[in-house]
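Chains as they are written, first to last, in the working numbering: chain A, 16 to 414; chain B, 6 to 312.
You may find that some hints are simply not true.
[Stated by the list, open to error] Which stretches of chain A does chain B cover? Using the computed rule of at least three CB atoms under 8 Å from a CB of chain B, they are:
hint : region
1    : 141-153
2    : 340-348
3    : 358-364
[Said to hold, decoys possible] Straight-line Cα separation of at most 25 Å, PhoX-like style, residue types lysine-lysine; simulated pairs:
hint : chain 1 : residue 1 : chain 2 : residue 2
4    : A       : K349      : A       : K180
5    : A       : K214      : B       : K140
6    : A       : K44       : B       : K33
7    : B       : K234      : B       : K140
8    : A       : K180      : A       : K245
9    : A       : K221      : A       : K245
10   : A       : K18       : B       : K140
11   : A       : K291      : A       : K256
12   : A       : K291      : A       : K61
13   : A       : K398      : A       : K336
14   : B       : K165      : B       : K55
15   : A       : K146      : B       : K65
16   : A       : K302      : A       : K291
17   : B       : K65       : A       : K18
18   : A       : K294      : A       : K398
What the hints contain is simulated information worked out from the structure, not anything from laboratory work.
All residues carry an ideal CB built from backbone N, CA and C; glycine is no exception.
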Amino acid sequence: MAKTIIPIGPYHPLQEEPEFFQLVVEGEKIVDAIANIGYNHRGIEKLSELKTFDQVAFVVERICGICSTSHPLAYVRAVEDILGNDCVVPERANYIRTIIAELERIHSHLLWIGLAGHFLGYNTVYMWAWKERETVLDIFEELSGNRNNYAMMRVGGVRRDFEEKSLAGVITRLNKLIDFVQMIKKAVLDDPVLHARLKGVGVLTKQDCIDYCALGPTARASGIANDVRKDDPYAAYDKVKWNVITQIEGDVFAKAVVRILETLESINIVIECMQKMPKGPIYDNVKDIPCGEGIGHIEAPRGECFHYVRSDGTNRPVRHKVRAPTYMNLPTYKEALIGETISDATIILAAIDPCYCCTERVTVIDANNKKNKTVYSQQDLIKLSQRKTEQIRAKLGAR
Amino acid sequence: MTMIFYFIFFGFFVSVTAGLLISWIDRKVTARLQYRVGPPILQPFTDIVKLLGKELLLPKGASKITFLFSPILGIISIMIVTTLLWLVNIWPQKTFFGDLIVVLYFLVLPSLGIILGGFASRNPLASIGASREMKLVMAYELPFILAVFVPVAKSGLSIKLGEIISYQSAYGAFISNWSGVLSFIVILFCVQAKLGLVPFDMAEAETELAGGALIEYSGPSLAIFKLTKAMMLFVLPYFIVILFLGGFNFNGLAAVRSLLGFVAIIVLIIVIRNTNPRLRVDQALRFFWGPMTILAILALVLAGRGL
Chain A
16 MAKTIIPIGP
26 YHPLQEEPEF
36 FQLVVEGEKI
46 VDAIANIGYN
56 HRGIEKLSEL
66 KTFDQVAFVV
76 ERICGICSTS
86 HPLAYVRAVE
96 DILGNDCVVP
106 ERANYIRTII
116 AELERIHSHL
126 LWIGLAGHFL
136 GYNTVYMWAW
146 KERETVLDIF
156 EELSGNRNNY
166 AMMRVGGVRR
176 DFEEKSLAGV
186 ITRLNKLIDF
196 VQMIKKAVLD
206 DPVLHARLKG
216 VGVLTKQDCI
226 DYCALGPTAR
236 ASGIANDVRK
246 DDPYAAYDKV
256 KWNVITQIEG
266 DVFAKAVVRI
276 LETLESINIV
286 IECMQKMPKG
296 PIYDNVKDIP
306 CGEGIGHIEA
316 PRGECFHYVR
326 SDGTNRPVRH
336 KVRAPTYMNL
346 PTYKEALIGE
356 TISDATIILA
366 AIDPCYCCTE
376 RVTVIDANNK
386 KNKTVYSQQD
396 LIKLSQRKTE
406 QIRAKLGAR
Chain B
6 MTMIFYFIFF
16 GFFVSVTAGL
26 LISWIDRKVT
36 ARLQYRVGPP
46 ILQPFTDIVK
56 LLGKELLLPK
66 GASKITFLFS
76 PILGIISIMI
86 VTTLLWLVNI
96 WPQKTFFGDL
106 IVVLYFLVLP
116 SLGIILGGFA
126 SRNPLASIGA
136 SREMKLVMAY
146 ELPFILAVFV
156 PVAKSGLSIK
166 LGEIISYQSA
176 YGAFISNWSG
186 VLSFIVILFC
196 VQAKLGLVPF
206 DMAEAETELA
216 GGALIEYSGP
226 SLAIFKLTKA
236 MMLFVLPYFI
246 VILFLGGFNF
256 NGLAAVRSLL
266 GFVAIIVLII
276 VIRNTNPRLR
286 VDQALRFFWG
296 PMTILAILAL
306 VLAGRGL
């Protein structure tokens with residue numbers, strides 16, 4: 016049968032962001048897939064080298080509009096790692112960090128549920144999920160003053176305290192949200208048509224996930240219980256009771272179930288944190304960042320978000336590396352796509368909850384030929400990296 | 006001359022107005038179900054007028070005549086169907102032998118227009134949309150025709166629409182007994198597929214194929230496709246009303262009742278559309294050739310035994 020190439024992107028109603036997938040199809044069956052990203056590169060890492068340590072928290076907040084507190088949180092934890100014992104984050108700040116991060120997970124997962132419905136042509140779910148997401152944004156506005164980009168994280172603590180009088184109202188609204196998520200859960204788990212569309216579609220086996228180092232809900236839906244919040248607890252996650260949600264099937268349905276159940280867990284974490292929150296200062300005043308390097312990793316809604324910061328004792332980082340979860344999850348698309356039909360391609364691509372603007376850190380453009388074409392192949396990049404390592408070694412005098 | 010008047014008046018003006026109004030109801034009810042406000046009542050009309058004034062683009066390398074002819078094919082056939090349905094509803098004695106078969110034939114042509122247009126536009130997404138539409142037509146035609154045979158069998162093997170209507174006005178609507186109910190369910194799902202609404206909108210599937218078969222259409226040609234869709238939104242429920250509710254009644258309380266029946270069918274269609282995700286085309290085929298065909302055959306057997 017003749018092979019045709021079906022383009023998805025760079026502009027396509029499926030996607031909120033520009034990226035380009037080429038599906039090689041025979042009839043409706045996908046035999047190969049090629050992904051091409053790099054339309055969203057904004058040079059954030061370079062930009063953050065030009066800012067002071069305090070300003071970078073605001074810059075990385077703008078990496079992504081949805082997980083806009085994950086990046087600052089990972090970054091401030093990286094800087095606190097450099098500081099070591101010089102900086103003790105107060106207990107109240109830890110609780111506030113947990114609450115903000117979990118509220119973000121709730122709104123991100125609700126957003127995904129809505130989008131998944133939209134991709135399946137189920138616009139009612141889309142609108143309903145986004146309407147309830149609005150509750151979370153209102154809570155954000157009440158607690159932090161902003162609906163997106165909350166600007167709550169700072170090195171050594173948080174920037175703003177919650178007003179005591181607003182907490183009771185927030186808990187009431189969250190309890191109402193629980194009812195809605197329970198309703199969605201029932202609607203998804205009991206709908207025979209959704210079962211037909213999602214079960215056994217885009218299966219990612221446990222071995223695939225291990226091979227590709229998949230993270231977050233993508234891995235948890237395949238039976239890998241990895242969650243930074245449990246594996247390396249930060250903020251107040253070790254002080255509240257919650258469970259890591261896993262499913263074993265690895266298909267799109269399992270991913271949806273993981274996200275819905277996680278939303279419920281997150282709501283419970285937020286409520287518990289608000290009830291347990293101690294009084295006290297909200298930040299530790301940090302004067303200078305010493306020479307050194309630090310890492311910060313946290314569980315973003317899509318998986319582990321990893322930041323590396325190196326300081327040379329000045330007021331700016333000399334190197335800031337960001338690795339968003341989609342960077343690890345995206346390469347699994349081939350395993351999940353090949354052998355499926357075009358009808359399922361959209362929901363399979365969306366199942367990892369991709370965030371391309373988070374992912375895109377490097378793009379290489381051949382300026383001489385005026386073509387947006389990858390100049391370096393994978394082999395070239397490995398060679399470049401090896402040469403750089405050799406240079407650093409020579410500089411440090413290591414053999 | 007009178008035939009041409011009927012054709013223009015009933016076939017075009019009445020069905021376009023009714024169809025666009027119903028598509029407004031569809032949009033409004035959908036919006037209210039989704040906590041949105043929804044468009045004002047004239048929005049569908051404005052959309053069509055706006056599209057008619059837009060530039061007509063021809064894709065490079067497309068087969069021009071087929072590409073431009075296929076929307077016309079759809080709208081003309083729907084106009085003929087509407088004219089026939091109105092005529093036999095108002096004057097049941099004007100029916101002729103086999104007009105039901107004619108209606109069934111012409112109801113396939115809009116889908117054929119979409120298939121032709123999709124293949125003619127030389128776009129990979131459009132050709133996938135067209136091939137899906139083709140599979141869908143093959144899927145729903147079998148249970149659709151089987152279900153249409155039920156009123157035929159019940160009215161004493163008559164394939165005249167006028168006789169089906171007058172039989173029902175004499176002995177009560179077919180929906181009031183078991184075979185009628187079963188075939189009504191079958192025909193409702195087939196109509197959903199004919200209209201290309203969720204869960205059977207895989208030929209257009211905006212999030213998969215970005216419009217599918219209609220992706221290359223723009224301006225007036227797209228407006229004609231949209232008009233055809235809107236007219237079908239009126240004609241197909243009307244066809245169901247004629248087959249199962251004994252057509253529109255124009256006097257007194259009976260008029261209100263038949264109007265309520267018509268609105269109920271439309272609301273059912275809108276509710277199905279809003280409470281389901283899109284099916285895959287193979288699942289649709291299995292659905293229509295499996296449970297729907299069995300149900301239609303069951304209805305036929307029941308009708309044969311007079312139930």
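Enumerated hints in conflict with the structure, sorted upward: 2, 4, 6, 8, 12, 14, 15, 16 and 18
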